[in-house]
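Chemist: Sequence:
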Amino acid sequence: MGPSGGRYSGRPWSLSPMSSPTPAARMPPAASREAELARAESDLSTLEGRLHEQLAQATAEASALATRLEQTRQALTRAHQAPSADPMLGEQASRLQLAVAPALDVEAPRSRALEARQAALQARRQAGSEMQSLLRAHQEQAAQVARAVTEAEAVLKRQAEAAKARQEAASRAQHEAAKARQAELARAAAAARAQGHAPPPAAAARPATPPESDARRNGRVRMHTSIDMRSDSNFFTGFSLDISEGGVFIATVDAVPRGTQVELDFTLPGGRPMKVTGVVRWVREANSRTPELMPGVGVQFTGLPAEVASAISSFVTTRDPMFFPD
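If you use our numbering, the sequence shown corresponds to residues 181 to 506, in order.
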């Protein structure tokens, strides 16, 4: 009974153990276990708070009950001694003499819980110290690997830059030599025309022609060239900008007539030789007024395999093709 005479109606509180996984169940990852434990600890803390409130209320009610019991005993004794006392008072007094107010003693389980919490706290401190040591060792090892990777990356970068510089220097030297050759040939051609003589033939950059029997058989001239970021030879397109409808400008001082059927072998940077067929659509003659422009011929594609077209399309994304009106 409570101090006001009413009975405490709170539901009994109990601690239910966490359900353990079956042997066949896999142990969840550490992060999932920590989250589950954090939720369980939070729920347990809430339940413990409610339990402490119930224990405090039960203890207060027991103390009040003991006080009422003693006061009622004394009142019954005095009333029973009165001359006109009701015989029932003696019966009630005898009953209360045997009654004892219950004591609530939870110190034993409370002590065990505190010891378990202290042991768990110590275990967590020990685990935290071990993880801190492992973290420092991990950070030191990761820093060593990162330094080694950074040094290797720096060496690779220097090597790539040096190779690029050598390639650019070689390309510039080749380009300058070609320009010098073209200028010299242009001057010789101009001098020969002024004197009424044909210009001297240039052995270098002369297209290789097939043997006479091959020329009679297929009616094509075989030509070779290399195309890179600085070569005088380059691809060209017309208004359609479709490389398959364009062709290749071949830098050469020994041009072949327009309409000549050509079998062309060419190479791109880092690639294997490729073969296409075409026809000479235009010719650029040597001109002393524009010595920077190499003479040559524009060969329009007539047979362009899909693999070659794909390689050319990839190349022209890094070097713009020449323009020649359709």
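None of these hints come from the bench; they were simulated from the model.
Backbone N, C-alpha and C define an ideal beta-carbon position, used for all residues, glycine too.
Watch out, some of these pointers could steer you wrong.
Quick list of the computed label-pair ranges, beta carbon to beta carbon [claimed, not checked]:
(1) L245 x P209: 50 to 58 Å
(2) M502 x T330: 18 to 26 Å
(3) P209 x T330: 30 to 38 Å
Chemist: Measuring from beta carbon to beta carbon, are L245 and P209 in 50 to 58 Å?
Modeler: Given about 53 Å between the Cβ atoms, the range holds.
Chemist: Given a hint of 18 to 26 Å, does the C-beta separation of M502 and T330 actually sit inside it?
Modeler: This hint is violated: roughly 44 Å between Cβ atoms.
Chemist: When you take the CB atoms of P209 and T330, is the distance between them in 30 to 38 Å?
Modeler: For P209 and T330 the Cβ distance comes to about 32 Å; the hint holds.
Against the hints set out earlier in the document, a violation occurs for number 2 only.
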